[in-house]
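Per UniProt numbering, the very first residue in the sequence shown carries number 1; after that it's consecutive.
Hints in this document: simulated from the structure, not taken from any laboratory.
Keep in mind the model is a prediction, meaning the values are calculated, not measured.
Among these hints, one or two may not hold up.
No more than 27 Å apart at the CA atoms, straight line, and that leaves these computed lysine-lysine pairs for DSS-like [unchecked claim]:
id, residue 1, residue 2
1, LYS189, LYS174
2, LYS301, LYS174
3, LYS80, LYS174
4, LYS80, LYS159
5, LYS159, LYS189
6, LYS159, LYS174
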Amino acid sequence: MGGRCFLNLLPCSTTPCKDSVGVGIGTPGSSSCRHSVHHHRARARGPRRNAAARVSCSAAAAQAPPSQSTIKVVIVGATKEMGRAAIAAVSRARGMELAGAIDTQCIGMDAGELSGMEEALEIPVLNDLTMVLGSIAQTRATGVVVDFSEPSSVYDNVKQAAAFGLSSVVYVPKIEMDTVTELSAFCDKASMGCLVAPTLSIGSVLLQQAAIQASFHYNNVEIVESRPNPSDLPSPDAIQIANNISDLGQIYNRQDMDSDNPARGQVLGEDGVRVHSMVLPGLASSTSVVLSGPGEVYTLKHDVTDIQSLMPGLILAIRKVIRLKISANDKADPRPKNAMQSFEKNGSMHKMTLLIEV
Numbered sequence: 001m002g003g004r005c006f007l008n009l010l011p012c013s014t015t016p017c018k019d020s021v022g023v024g025i026g027t028p029g030s031s032s033c034r035h036s037v038h039h040h041r042a043r044a045r046g047p048r049r050n051a052a053a054r055v056s057c058s059a060a061a062a063q064a065p066p067s068q069s070t071i072k073v074v075i076v077g078a079t080k081e082m083g084r085a086a087i088a089a090v091s092r093a094r095g096m097e098l099a100g101a102i103d104t105q106c107i108g109m110d111a112g113e114l115s116g117m118e119e120a121l122e123i124p125v126l127n128d129l130t131m132v133l134g135s136i137a138q139t140r141a142t143g144v145v146v147d148f149s150e151p152s153s154v155y156d157n158v159k160q161a162a163a164f165g166l167s168s169v170v171y172v173p174k175i176e177m178d179t180v181t182e183l184s185a186f187c188d189k190a191s192m193g194c195l196v197a198p199t200l201s202i203g204s205v206l207l208q209q210a211a212i213q214a215s216f217h218y219n220n221v222e223i224v225e226s227r228p229n230p231s232d233l234p235s236p237d238a239i240q241i242a243n244n245i246s247d248l249g250q251i252y253n254r255q256d257m258d259s260d261n262p263a264r265g266q267v268l269g270e271d272g273v274r275v276h277s278m279v280l281p282g283l284a285s286s287t288s289v290v291l292s293g294p295g296e297v298y299t300l301k302h303d304v305t306d307i308q309s310l311m312p313g314l315i316l317a318i319r320k321v322i323r324l325k326i327s328a329n330d331k332a333d334p335r336p337k338n339a340m341q342s343f344e345k346n347g348s349m350h351k352m353t354l355l356i357e358v
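Could you put together the complete structure from these sequences and hints?
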């Protein structure tokens with residue numbers, strides 16, 4: 001049975017199944033992530049309609065993980081901000097156990113102390129991934145390697161994990177598409193799944209899905225973002241949104257196609273999507289998609305005030321990646337199985353598994 005590489009939270013080719021996952025937006029435990037939708041009409045405001053949103057995850061033909069074992073998780077890049085937050089989140093998650101913390105810094109330091117937890121975890125930071133993987137393999141436990149390292153290290157880390165029978169979740173925002181392509185080819189031959197995530201924010205995924213749906217109904221769209229520091233602008237989130245709503249047969253902002261005026265923002269792609277980036281120290285990381293049509297403006301907005309907002313998405317990714325496998329039907333029928341997969345043929349490198357169903 002071959003392996004399966006889930007690229008950017010979307011399988012390369014798969015027969016999808018849906019596993020419902022409840023997510024409470026704005027509930028305790030997710031207060032650091034705000035997700036809002038504003039819809040302004042120029043005239044009379046229509047009656048409100050209540051709609052319960054359900055978040056589901058599209059996956060390959062799934063096999064249930066062994067119920068008798070806890071998922072053993074290894075964090076690579078443990079001393080980074082994401083790594084420290086992940087150590088605490090995994091340690092507190094039901095059915096998971098931190099089995100290793102890998103980094104080139106803080107060698108020997110207890111992972112619990114590193115992450116700011118009150119109690120030590122008795123797991124030292126090590127610089128030997130192979131040794132930790134070998135220890136997990138001997139126990140025959142279900143394991144996942146979570147990689148926050150560097151783009152140059154991702155491919156080798158995933159290969160090592162697969163060699164010891166562990167799946168991988170990769171969250172390295174600057175990863176090159178060539179590396180993703182190599183991972184795809186490798187995972188087609190390997191026995192373990194791999195999930196490469198452009199974002200771990202559930203709110204960000206919901207925003208992008210809503211933007212895709214709205215883009216079919218509005219001719220004007222601009223992305224406005226704010227960040228506390230000037231690195232990587234436009235942000236990966238803004239680029240991802242622009243990619244996802246491009247190549248859908250829609251040309252935006254036809255009345256103002258000027259790309260020479262810097263005050264009008266940067267045009268991404270050939271479909272007229274503009275991005276405006278604002279940088280001010282102290283600002284929350286915020287992304288807005290503003291769409292308009294005759295007599296109305298539709299605004300989607302997502303704010304992130306703390307890295308903890310990414311932890312629910314990380315835990316979800318760990319639970320999903322151990323259930324991925326490829327089937328003979330997947331290889332025999334390479335046609336897209338759902339609408340999101342068809343975007344791959346249109347050149348969009350960012351895709352998502354989390355879907356909104358209203």
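Hint by hint, here is what the structure shows:
1. Only pairs whose Cα atoms come within 27 Å are accepted, and LYS189 paired with LYS174 is accepted, the gap being roughly 25 Å.
2. For the hint linking LYS301 to LYS174, the alpha-carbon distance of about 24 Å falls within 27 Å, and the restraint holds.
3. As the CA atoms of LYS80 and LYS174 are separated by approximately 15 Å, the hinted pair is consistent with the 27 Å bound.
4. Distance hint between LYS80 and LYS159 is fulfilled; the C-alpha atoms sit about 22 Å from each other, no more than 27 Å.
5. Simply put, LYS159 and LYS189 have alpha-carbon atoms about 11 Å apart, close enough for the 27 Å limit, and the pair holds.
6. With a CA separation close to 19 Å, the supplied pair LYS159 and LYS174 stays within the 27 Å bound.
Checked against the numbered hints listed earlier, the structure breaks none of them; every hint is satisfied.
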